[in-house]
Structures are given as C-alpha cells and as structure tokens.
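> Chain by chain, the residues run as shown.
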Amino acid sequence: MQYSHFLYELNNYVWLGYVLALLATYLLNIGNRSYYIAAIIVVISTLVMLVIEPIYVSLGKDYPWFVWNFWYFTWASIDILSALLIYMQHRKERVRFGFVSISCIITFVALCIVQSLRHLDMVVMGTNLMATSFKVLVNSFSIGFLVLLLHPAYSTIKHRFRKVLMQ
Amino acid sequence: MNWFMLLFMAIYVVLGLALVVKAKRFNSISCNPEPEKSAEFNEKLNKLACLRIEIENMPAGYRKVKAQEMWLKELNTLMASDDQHRQPAENVVQFRHINR
Chain A
155 MQYSHFLYEL NNYVWLGYVL ALLATYLLNI GNRSYYIAAI IVVISTLVML VIEPIYVSLG
215 KDYPWFVWNF WYFTWASIDI LSALLIYMQH RKERVRFGFV SISCIITFVA LCIVQSLRHL
275 DMVVMGTNLM ATSFKVLVNS FSIGFLVLLL HPAYSTIKHR FRKVLMQ
Chain B
521 MNWFMLLFMA IYVVLGLALV VKAKRFNSIS CNPEPEKSAE FNEKLNKLAC LRIEIENMPA
581 GYRKVKAQEM WLKELNTLMA SDDQHRQPAE NVVQFRHINR
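Residue numbers (our numbering), protein chains in the order written: chain A, 155 to 321; chain B, 521 to 620.
Simulated from the structure, these hints should not be mistaken for laboratory data. Take the hints with a grain of salt, since some may be wrong.
With a cut-off of at most 27 Å between alpha-carbon atoms, the simulated DSS-like pairs for lysine-lysine come out as follows [what the hints assert, rightly or not]:
no.: 1; chain 1: B; residue 1: K593; chain 2: A; residue 2: K246
no.: 2; chain 1: B; residue 1: K564; chain 2: A; residue 2: K246
no.: 3; chain 1: B; residue 1: K564; chain 2: B; residue 2: K584
no.: 4; chain 1: B; residue 1: K542; chain 2: B; residue 2: K564
no.: 5; chain 1: A; residue 1: K317; chain 2: B; residue 2: K542
no.: 6; chain 1: A; residue 1: K246; chain 2: B; residue 2: K544
no.: 7; chain 1: B; residue 1: K593; chain 2: B; residue 2: K567
no.: 8; chain 1: A; residue 1: K289; chain 2: B; residue 2: K564
Put together the whole structure using the sequences plus the hints.
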C-alpha cells in the first residue's frame with residue numbers, strides 16, 4: 155500500500171483520536187484555556203469537513219461544475235475560518251496563546267496555502283502536479299493536529315517521569 | 521470563475537499570515553508570568569497587560585482617558601491585593617509617563 159493511500163484511509167479515524175485526546179485532557183485536567191479553545195475548534199471544523207465531504211461527492215453527479223470549482227475553496231474557507239475563530243476567541247477572552255493554539259493557527263494557515271496551491275494546480279492550470287504531494291500533505295497535517303492535541307498528555311507524562319527520576 | 525476563486529484564496533492566505541503575525545504579537549505583549557505569584561494573580565496581570573495594548577491602540581479622546589483611568593485603578597487594586605506589591609508598580613509609572 156502506498157504511503158499517501160494509507161494516510162488517506164487513516165484520516166477517517168483521526169477525528170476520533172481528536173475527540174479522545176480532548177476528552178482525556180479534560181478528564182485528567184491537564185489542559186489550559188488556550189488549549190481547550192484550539193482543541194474544540196479543531197474538533198468542530200474537522201467534523202464539519204467530514205460531514206460536507208460525502209454531500210459534495212453526491213452533488214458531484216448532478217452538479218459537477220459546482221463541485222469542481224468549489225471543492226478546494228470550501229476546505230480553504232473552513233481552514234481560514236477556524237484559524238480566525240481561534241485568534242478571535244483568544245482576543246475576546248484575553249488569553250495568552252499557548253503552544254498548541256499557535257501551532258493550530260499555523261497549521262490551519264498552512265493547510266489553506268496547500269488548498270490554494272492545489273486549486274491553482276488542478277482547477278486553474280489543469281496540470282495535476284500535486285496529486286501525491288497534496289494527499290500526503292493534507293493527511294500529514296491531520297495527524298499533526300492529533301499530535302498537537304496530545305501535547306498536554308505527553309508533556310505531563312514527561313514531567314512526572316522526570317519527577318520520579320529526580321526522587 | 522476559477523481565477524476569481526483563486527483570488528479569494530490568495531486573500532485567505534494573506535489573512536492567515538496576518539493572523540499568525542498578530543497572534544505572535546499578541547503573545548509578546550502579554551507579560552511573563554511571575555513564578556512566585558499565584559496562577560490567579562498572573563492571569564489577572566496578563567489580562568491587564570493585554571488590555572493595556574488595546575487602550576494604547578484606541579483613538580485619543582474621552583473614551584481613551586476613561587479606559588486608562590480604569591486600567592490604572594484595576595492594576596492598583598490587583599497590586600494592593602498582594603502583600604508584596606503594596607506600592608504602585610513600576611509599570612504604572614511607565615504607563616503614566618507614556619500618556620504624557
């Protein structure tokens with residue numbers, strides 16, 4: 155199985171990982187306000203994308219022109235909206251951006267750039283040069299989100315492990 | 521149509537990069553936590569630091585003067601609540617100096 159194909163399949167289960175990571179962080183009480191803002195927005199935006207995708211696929215049969223033009227634009231819009239929401243919520247609550255939240259904003263912006271380049275490559279130019287790299291990049295970013303959402307868990311484990319070693 | 525969408529996406533990218541820069545700047549204006557103080561104290565101090573930048577960015581006028589007065593009052597209340605900060609803090613003096 156090719157790496158890009160493997161990641162594409164894995165992506166469907168990654169969202170569940172987001173929810174579990176958020177739940178574990180909440181139940182263990184190891185997250186801060188900044189983390190929860192970013193994590194909730196990541197979970198909701200990914201869910202929105204997962205819900206929209208099959209609708210778009212079914213629409214593709216009747217309205218291929220619409221899907222062809224709006225496919226990458228929709229994902230880019232959701233990405234940028236998510237980054238904007240994280241930023242605005244921090245400003246509203248006057249909360250300092252934590253490592254996870256700032257990384258999530260950067261990842262959303264990077265995803266938006268990838269979607270824009272793909273739109274240029276596939277829809278505008280019709281060259282399809284990014285066929286494999288697009289799949290790898292998008293799915294790597296999805297797994298990157300999971301790693302970020304698990305950050306409080308493994309930093310706590312590291313901290314406790316160090317504490318035990320020091321004693 | 522395709523180019524039109526691409527233009528929109530280019531605006532998104534610019535907006536996104538601006539967001540990253542603004543978020544970094546927002547973090548740099550927040551004060552560093554004082555380890556010897558409580559988390560609650562640091563949180564309030566941090567909120568005041570962020571508020572201060574917002575006030576500085578406000579257009580000159582009655583609202584700005586009132587906001588500055590409120591800010592100083594809140595900072596003095598916070599400092600007075602802590603035994604080690606009974607005297608007006610140095611940054612209060614700095615803020616007054618900036619506004620003159």
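> For the pair supplied as a hint, K289/A and K564/B, is the alpha-carbon distance within the 27 Å limit?
violated (44 Å)
> Would the pair K317/A and K542/B pass a check requiring their Cα atoms to be no farther apart than 27 Å?
Given that 27 Å is the threshold and the Cα spacing comes to 36 Å, the pair is violated.
> Verify the proposed pairing of K564/B with K246/A, using a straight-line Cα cut of 27 Å.
holds (15 Å)
> Holds or violated: K564/B and K584/B, Cα atoms, limit 27 Å.
Since the Cα atoms of K564/B and K584/B sit roughly 21 Å apart, the hinted pair holds (cutoff 27 Å).
> So if I understand the rule, the pair passes when the alpha-carbon distance is 27 Å or less; does K542/B with K564/B pass?
Distance of about 21 Å is within 27 Å: holds.
> Quick one, are K593/B and K246/A close enough, alpha carbons at most 27 Å?
holds (21 Å)
> Please work out if K246/A and K544/B have their alpha carbons no farther apart than 27 Å.
holds (16 Å)
> Between the alpha carbons of K593/B and K567/B, is the straight-line distance 27 Å or under?
Distance of about 14 Å is within 27 Å: holds.
Violation of the numbered hints given earlier is confined to hints 5 and 8; the remaining hints are satisfied by the structure.
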